[in-house]
Amino acid sequence: MTGTALRLLCLGAALLYYAAFALSYLKGKRSVRISLALWIAGIVLNASIVANNWIVNGYMPFVSMYQVLTFLGVTFGLVYVYMRYMHNGAFMKRYFMISQAVIMTGVFFMAQNAEWHFPPALQSAYFIPHVFSYMISYSLVAVGAILCLLTFFVRKEERKKYERGMYNLIVTAFPFMVLGLFLGSLWANACWGNYWAWDNKEVWSLVTVLSLSVYLHFRRQEKLSKYAKYFVLAAFVFEIITLFFVGMFGGDSMHAYST
Amino acid sequence: MNKKISLTLYVALAVVTAALLVMTILASAGVDGVWSGMPVVIVLLVLGIAIAVSLIVFNPRRNFYSIGFYVLHLGIVLFLIGSFVYTVSGSEIYVSPPNKSSFTDVIRYQMVQNGYTAEEVEEFASKFYNEVGSTKEDGTTEIKSLGFNFRVADFKTEYYEDGKSVKYYEATLEFLENGETVEKSLSVNHPLYYGGWKIYLMDVGVNQPFGYQEVRLLFKKDPTEFLSTGGILLILAGTFMMCLIRPRDKAVENDDSHASRKIPKKGSAVTPKKNPKGGEKK
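Chains as they are written, first to last, in the numbering used here: chain A, 1 to 259; chain B, 260 to 541.
Isolated chain A (complex conformation) (with noise of 0.2 Å):
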């Protein structure tokens, strides 16, 4: 497919989970439906992004920040499926449109350059659970904050709705951060031969990990339990220096992507 193309379905993508969300706040059973038929064309279009960089590489498109942002726009669709049947998770749905939507929208004013040489040392069977663990986290952490903001706003007798899914999506997302962080250092260790280098992005994504754990630990403390959800909105924010930041400004990270 040509550049032109990609970013027109990237585009339309973005349009779709936006109409779909805006969709979500009208009553009545027919605009749930609509709502629900423009999501999954929106997940279809953003999923063809996906096959098509697969295709052109010929692996799991997850090495430059372009491919990593559209599968994760796919990844969203993916964990709420989970979260809708183990959690019920189904008030949730209009914060995971939202989340794809922003996240395809900043991924439509990016450099799309899909092609790309796989260095030796990303050549690894660790390559593609460590990405793929983290964006299920990732996902997962940016509805839970998205949730616990709007603890602050919503009425009184919501709050609690809010606070449990929350920490559903929270509980759901520590281990696979988890499991991220730990194949990383696995990696490193057949790979570098050590577990931990400072590196910038390792460093930051152990903060966020921490914060999590800091969460699902103060919650369970009388005491601390009404401080606990600082944590979240702080775990989101080191989410998005690891993701973003450490890239742009981190100087020389083992874990540059080529943008």
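Derived from the structure by calculation, the hints contain no laboratory data. Careful, some of the hints might be misleading.
To be verified - Computed spacing ranges between beta-carbons, pair by pair: (1) B:Asn-466 to A:Tyr-82: 52 to 58 Å; (2) A:Phe-109 to B:Ala-278: 39 to 45 Å; (3) A:Met-110 to B:Val-441: 46 to 52 Å; (4) B:Ser-287 to A:Lys-160: 43 to 49 Å; (5) A:Gly-106 to B:Thr-399: 33 to 39 Å; (6) B:Ile-308 to A:Ile-40: 52 to 58 Å; (7) A:Phe-109 to B:Glu-420: 28 to 34 Å; (8) A:Leu-233 to B:Thr-267: 44 to 50 Å; (9) B:Tyr-418 to A:Ile-40: 23 to 29 Å.
Ideal Cβ placement from N, Cα and C applies to all residues, glycine included.
Assemble chain B onto chain A, guided by the hints.
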């Protein structure tokens, strides 16, 4: 809880911790073979049994959530012990030996022109090394005996279609075994285990001014790698047990996250199971 069992467990854990500490001190004092022999097996066996028994004894309810708690936090301790012992007694030495096959006739001729004899060049190119050394930041040199002889026999580089981006690196090392040379190859992400050392292929460079290849290798000796890796696996297993395979029983946890899973039918009186030994925790 049975007092005798818990006392035995505490003693066992204390003895194992003390044994690990003593072994660490011995290893850091330069005693060889501390981490490979019967003592390690015995210590680990005692540790494993103590852990298995404590998982059963300290968990009357025996669900995945509380077992996961111990597995996860024990994993953290093991990982920290493994990393600590490595920083105290492990070795990590970067070397750049020349690649024998990169000495072309042109390079040999240039070296002869620069004052080396042909025999010296030949000896330099095909020399076997039995120790590795590197200069530290503070200027001191660390030299370790390997216990075997090696040289870099060949180096292979493959490129993508563009001719610039590297696709694959592979180095072939030759070892002397009973007077015969044995070839073994290693690539990035696939280190080589040999004679108690783990050898990593890091990079390749070109010597200035002569132009033969220098292959960057890392020689690593991590006697407690099994502790670090085992700790990581326990951390992962424990986290997944605690977060994803969670108890459905409401009385176990005082959080209500799973209350929504079991919605009692209208008209049926569902009472949550109570902890038989202490009622509900609050």
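Right, here's what the structure says about each hint:
no., hint, result
1, B:Asn-466 to A:Tyr-82: 52 to 58 Å, "holds, 55 Å"
2, A:Phe-109 to B:Ala-278: 39 to 45 Å, "violated, 60 Å"
3, A:Met-110 to B:Val-441: 46 to 52 Å, "holds, 51 Å"
4, B:Ser-287 to A:Lys-160: 43 to 49 Å, "violated, 55 Å"
5, A:Gly-106 to B:Thr-399: 33 to 39 Å, "violated, 50 Å"
6, B:Ile-308 to A:Ile-40: 52 to 58 Å, "holds, 54 Å"
7, A:Phe-109 to B:Glu-420: 28 to 34 Å, "holds, 30 Å"
8, A:Leu-233 to B:Thr-267: 44 to 50 Å, "holds, 46 Å"
9, B:Tyr-418 to A:Ile-40: 23 to 29 Å, "violated, 43 Å"
Hints 2, 4, 5 and 9 from the earlier list are contradicted by this structure; the remaining hints agree with it.
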